[in-house]
Amino acid sequence: MSTRLTSGGRLLNKSKQVSFSFNGKKLTGYEGDTLASALLANDQMLMGRSFKYHRPRGVVASGAEEPNALVNLGAGGKFEPNQRATTTELYDGLSATSQNHWPSLEFDVGVANNYAARFLPAGFYYKTFMAPRAAWKHVFEPIVRQSAGLGKAPKDRDADRYEHYYAFFDVVVVGGGVAGLQAAKAAGQAGAKVLLMEQTAHWGGRAPVDGGEIDGKSAEDFVNATVAELNAMDNVTIRSRMMGAGVYDHGYMLGYERLTDHAPAVAGPRHRLWRIRAKQIVTATGAIERPLSFAGNDIPGVMLASAVRDYSVNFGVSSGDRTVVVTNNDDAYRTAIALKNAGLEVPVILDARATGGGALADEAKALGIRVENGKAIAKVKGGKRVTGVAICAQAGEGAVLEEIMCDAVAMSGGWSPVVHLWSHCGGKLIWDETQAHFRPDPDRAPTSHDGNGFVVTAGTASGPLLTGDVLADAQSAGIAVAKAAGFDGAAGAAPSAEAQAEAGMEPVWLMPQGAGPKLRMKAWLDYQNDVKVSDVKLAAQEGYESVEHTKRYTTLGMATDQGKLSNINGLAVLSDALNQPIPATGTTTFRPPYTPISMGSIAGEARDEAFQPLRRTPIHDWHEANGAFFEPVGQWRRPYCFPRGSESHADAVTREINQTRKSVGLLDASTLGKIIVKGPDAGKFLDMMYTNMMSTLKPGKCRYGLMCNENGFLIDDGVVARIDEDTFLCHTTTGGAERIHGWMEDWLQCEWWDWEVFTANVTEQYAQIAVVGPNARKVIEKLGGEMDVSKEGLAFMSWKDGKIGDFDARAYRISFSGELSYEIAVPASQGRAFWDALLAAGEEFGIMPYGTEALHVMRAEKGFIMIGDETDGTIIPQDLNMQWAISKKKEDFLGKRAQLRDHMASPDRWKLAGFETVDGSVIPDGSYIVASGSNANNQRNVQGRVTSTYYSPTLDRGIAMGLLHNALDRMGEVVEFNKVDGSTVKAKVVDPVFYDKDGEKQNV
Amino acid sequence: MLTLQCPYCGVWAEETELHAEGEAHLKRFGPGSSDDEFESYLFMRENPKGVHFERWRHSNGCGKFFHAARSTTTLEVFGTYSAQTLEPPQDIKDKISAKYPNWSWRDFS
Amino acid sequence: MRRYSAFAIAREAARYHTGWERAWRSPEPKKKYDVIIVGAGGHGLATAYYLGKNHGITKVAIIEKGWLGGGNTGRNTTIIRSNYLQDSSAAIYEKARSLYETMSQDLNYNVMFSPRGVLMLAQTESEIRGYQRTAHANALQGVQTEFVGPERVKELVPIINIDGPRYPVLGGLWQARGGTGRHDAVAWGYARACSDMGMDIIQKCEVVGVRQEAGKVVGVDTTKGPIDCDKLGLVVAGNSGDLANMAGFRLPMESVALQALVSEPIKPCMDIVVMANTVHGYMSQSDKGEMVIGGGTDGFNNYTQRGSFHHIEETVRALCETFPMVSRLKMLRQWGGIVDVTGDRSPVIGKTPLGNCFINAGWGTGGFKAIPGGGWATAELIAKGEPGPLSAEFGMERFIEGRFIDESVAAGVAH
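Chains as they are written, first to last, in our numbering: chain A, 1 to 1004; chain B, 1 to 109; chain C, 1 to 415.
Calculated from the structure, these hints are not laboratory results. Since the model is a prediction, treat every value here as computed from it, not as a measurement. Accuracy of the hints is not assured; some may be wrong.
Label-pair restraints from in silico Cβ distances [stated by the list, open to error]:
1. C:Ser408 - A:Pro827: 58 to 66 angstroms
2. B:Ser97 - A:Glu213: 49 to 57 angstroms
3. B:Ser97 - A:Pro581: 56 to 64 angstroms
4. A:Glu738 - B:Gly50: 29 to 37 angstroms
5. B:Asn60 - A:Lys137: 43 to 51 angstroms
6. C:Ser408 - A:Lys137: 50 to 58 angstroms
7. A:Ala833 - C:Arg403: 35 to 43 angstroms
8. C:Phe249 - A:Ala159: 18 to 26 angstroms
9. C:Gly198 - A:Pro581: 48 to 56 angstroms
10. B:Lys27 - C:Ser408: 51 to 59 angstroms
11. A:Arg157 - B:Ser97: 27 to 35 angstroms
12. A:Gly514 - C:Phe249: 53 to 61 angstroms
Glycine included, every Cβ here is placed at the ideal spot set by N, Cα and C.
Let the hints inform the model, and build the full structure from the sequences given.
Now the structure itself:
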């Protein structure tokens, strides 16, 4: 059984007991425990179920590489699935449940898959479930989906907050082990601005666990002293509980800081995502121990040797009473020695190397531990817990020599450097024959904007495993990155460390090496996804030879640990099956993040109202206070209508239109784009931007203009006012302001840079209000002021500056509704006051604001086009019969050449017309005009479509605009619009101007 | 996540400050040009694997358009320069040549 | 080819699965083929498959620089839908969708096509009008879609928040017969079937030159030597520009990175595919339980298969806002692929300036869903030398004529 020891536990505060629950059971641990160590202390080795076969799973590791011990954590708005118990710090009240089983962790019916495992090899689902056809979707897939997945889906809204940081550093060091500490210190001493981050809550990494002396101090003392030194350096920032999540191009990287995961009751954001730009990055990310592949290596109680040591030294927890150690290298002897020193039994060390280990082996033997060289595990016995091992010769096929009772197995297959961050952005690896691992190739580092490498490894992340080498490597890494970042101050000397010589490791990819199919079917590579040696062999046999094929066919390395334990072992098995060296097989691509990071942290502060920036007109608050129903338009919210009481939106729109046409209405038009174009060449420039001739416009006058892109299509429209000889003010659509301003700048900066023209986007500098309706003039006149807004004083399509009341106003006599209409701009700061003044002045006329829908309907009644309705990015002005707006005198304008192409000039293009339904109904939005017959792809032929369709309160019937083949020759003809139910609506082709065809109302 | 130095304001701009604006040094063809010329101007692109010349705008900064010489395979930036020129400056071309002696791009090499 | 079935699995289980044969052969190239397809991705393999199946042309080699299915076929978010607006797009995507329905049986390889339904959210008034237009177009194109209201949206996908303060869900375009498939399996299934017809799939073989005589293609130079052919099909997605360069012409395309990400797996919580275009994010749940999330494209040319992280942020923000529970999930893995995007964002299937050389490219973000349709149409084009009805509108000449196939309607925003 696993239990708490009386000794050990360097990370624990044993004076502080912490209570928590697991699957509803009340348990206790100590402050400083991880959930995994606390569960082990309570003899809870079984922590989960595997993905495919639902086999019982115990904890195998002690850190971020853990594939098995995943739990549902918390509840309600703080619930989170798939939390690794090994990296979850214990806190009072923690509540966790195990995953992927039904009805319980102990008795899971899903384990039926396990008994059928022989019928469920890699890729079995590609070979079956194909008949009958409907069964996949309705029978097989639901079963697969239900038994797959791991944790439960969260249900509630996230109760936590998240935030983003931006940070700029000369040097970022990832990993707070002795290498990271030393590299950060060296770079800091050289003068660089340094950030050091460590993913756990503790500094020092493995060194304090493994012991040994650095500069004559214990590793622990060295770590504490170095951390104190770093803390004292002004140019160094250090952060624990912060993981280097990803390295991206040009020195961008993500730091994932977990602020309150260990103390959820503390106020403040839960996670902070650091978006860092670093000149140089040091990855001092250490190494991860590899499992060994032997039959039954997935039974709870089989653990990494380093993890067994961690639990004992760091947390004072024994993983078992009797632990068999199995290894191919010297490091695992440290575990045996640590266990023995803690008073636990190590019945045997099985060293797969025929020649055995070095000094550590001698030390173990001296402690009285039995050591068997050249031996291996043939098979682990047990179900939900290890009960013993069968021993065999590594060289053979697994003939059992002896069985030994034990309740834990500590295995070590050697160490692989953590190369993820190095590889994220293109750093290349080389195969190291001596250590049998891939390590970063310093000559092929990821390169930055200047073409030079920007990532350097330090410590065991570089490959060296002995403490002395680690520190020397870290020191030179720290100095090198500081220099590359432009700092060459003097750094101190590297600390010295006594290094215990170790005998070389020997790669062992299968145990025993001649294991047959039966044993291979029980030798796990990927514990979470249930991928076994036999699966990889099968993939190779079936031709899935590329490492990416094998990964995808078997799902090796695709679990939540992303293959941290399984990748190299899997590669080796595949290489063996293909009879090629491991480097020829290569690795799969390492992708960010290093371990999964919360979506909440990626989204940051942007949620709810703050999801996107909100643009507000000066009158926005009034709209909100007066019950406006808003629609999003770009990042603005514009009132769609202003419903009163229980009024429906449709009724509100009708009321707003009727009142405007009958008396007077107000529109907040502030969102319309306003761009000043100024300079001696401004007229010439606008002649290029617009299809119309703008250079001939007289100061004081307005002209409606169309803009096309170089492809000939309409992109924007609006009224241009000439302010003076050199100055124009161009109105754009609401959504077009920034885009059109950028478009103008593009041509001015990149094509006609010798033209003297300047532009300014002044959209937000003005509030603009349309006063619309037969009583509009009376309302304005009532405000007083010097401006003459009479028919003669301010003629249609002209503009004027002056005082209206006390307001500095610029009034444009333009109309988008067909009514007498003034669009009046005042400085944004006066916008709200002006709006209020208009409302007050208009009270006697029953003035009321109208929204975008009334605007739309009124313009449709007048047959005015709307960008985005009549246009969709495929429409040229000629389609809308707007030849009148295309100057024939100009040699060139943007879009002119494009409109000469065959298809653009074709008489077969659909043209704009109005449509009146025969029965007065409203044609459905988006409807097409059907034609007879079908095309070669068996699609019904069409001859046009509706572009705008509304109920017109003014005419009390449905009206529409649309495009129709040969429309202009077909006035009076009845055509059919389709409905989605298959029926059609009949409508007569008419002139698109439905209201006041002669324009008398707007010109009074 | 690129970072480019704006040649106008001198700022090393984050990609989020910038807007990519497509291939650089395109010659505009207007009325009077052939269909082929016009198609080539509007649609046909170099799209090289390797050295590329492209336009950017420091849109959330000084607002200026500028040119960059950049590798599409390594993302190395050989330099940024004024948009108001018809060809890349010699020092940038030299820098590219030092790394890729046989490079060419449209009429430049 | 030994057929796959439950029975075959049982038989093999008895002998520890030692009897399974290779899914496809791994041959050395012959001297000459009738047709060479460059690119063993989904479209290339499908082209080869339908050349054999529909046109009886089996002296075919499919040449692949890396490993089959290793490009965008294995990197996409596996969405299959055909609710397109323009007739020519709807035709080829609907053909593809219908072929997906029977693909597992046709190939005897379970590609796990799952018609779980695809819902495109409308979150602005102009999006409503846009999707209603699509629904009306689809009704005439034989594509079954319907515009549904917010209540039905909530029913279809209970984890959605339809009342967000900024972009409440106003409705959606629902294609019940759209869904997802297993992307790798599509490539593998086609590869197995092609190999079985006697076609040679030659992996780890890079084309380094296109050989021509008198304006016609006669073969390719490869890292495994020269190979002759009568006809050549270039089906290489993001690398199209490179191949076109070798063949001596340019394309109306640029290559950019498109990104995607997955969450850790969780128990089933979302049965359908949801796309939210206004806020830029789409999501489905794979059979493994991961939430599969698609992001946007970068604006600059790029061949690194790495995108810019701010696009990931934008997508995740959108999904946390649309599906609040996503905030408590974790991103497991993000990646990128290189897509080639044309001037009108629709693909090119057609002849090239080089005689007997044909191209299928420019699928942008929509390649996977089109695989069987694209392959069907490209095979017809290569076999007959002229486009059939499915690809008639997709030739490159449309860029000269100004006859675009533009799916990105609603380009403008209302006043």
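Now for the hints, and whether the structure bears them out:
1. C:Ser408 - A:Pro827: 58 to 66 angstroms: violated, 38 angstroms
2. B:Ser97 - A:Glu213: 49 to 57 angstroms: Given a distance of about 54 angstroms, which is inside 49 to 57 angstroms, the answer is holds.
3. B:Ser97 - A:Pro581: 56 to 64 angstroms: Violated, since Ser97 (chain B) and Pro581 (chain A) (Cβ atoms, about 38 angstroms apart) do not stay within the stated range.
4. A:Glu738 - B:Gly50: 29 to 37 angstroms: holds, 33 angstroms
5. B:Asn60 - A:Lys137: 43 to 51 angstroms: Cβ of Asn60 (chain B) to Cβ of Lys137 (chain A): about 47 angstroms, so the range 43 to 51 angstroms holds.
6. C:Ser408 - A:Lys137: 50 to 58 angstroms: Violated - the Cβ-Cβ distance for Ser408 (chain C) and Lys137 (chain A), about 31 angstroms, lies outside 50 to 58 angstroms.
7. A:Ala833 - C:Arg403: 35 to 43 angstroms: The hinted range 35 to 43 angstroms is violated for Ala833 (chain A) and Arg403 (chain C), with Cβ atoms some 53 angstroms apart.
8. C:Phe249 - A:Ala159: 18 to 26 angstroms: Once the Cβ atoms are compared, 58 angstroms apart, the range 18 to 26 angstroms for Ala159 (chain A) and Phe249 (chain C) is violated.
9. C:Gly198 - A:Pro581: 48 to 56 angstroms: Given about 33 angstroms between the Cβ atoms, the range is violated.
10. B:Lys27 - C:Ser408: 51 to 59 angstroms: violated, 27 angstroms
11. A:Arg157 - B:Ser97: 27 to 35 angstroms: violated, 58 angstroms
12. A:Gly514 - C:Phe249: 53 to 61 angstroms: The hint (53 to 61 angstroms, Cβ to Cβ) holds, given that Gly514 (chain A) and Phe249 (chain C) are roughly 57 angstroms apart.
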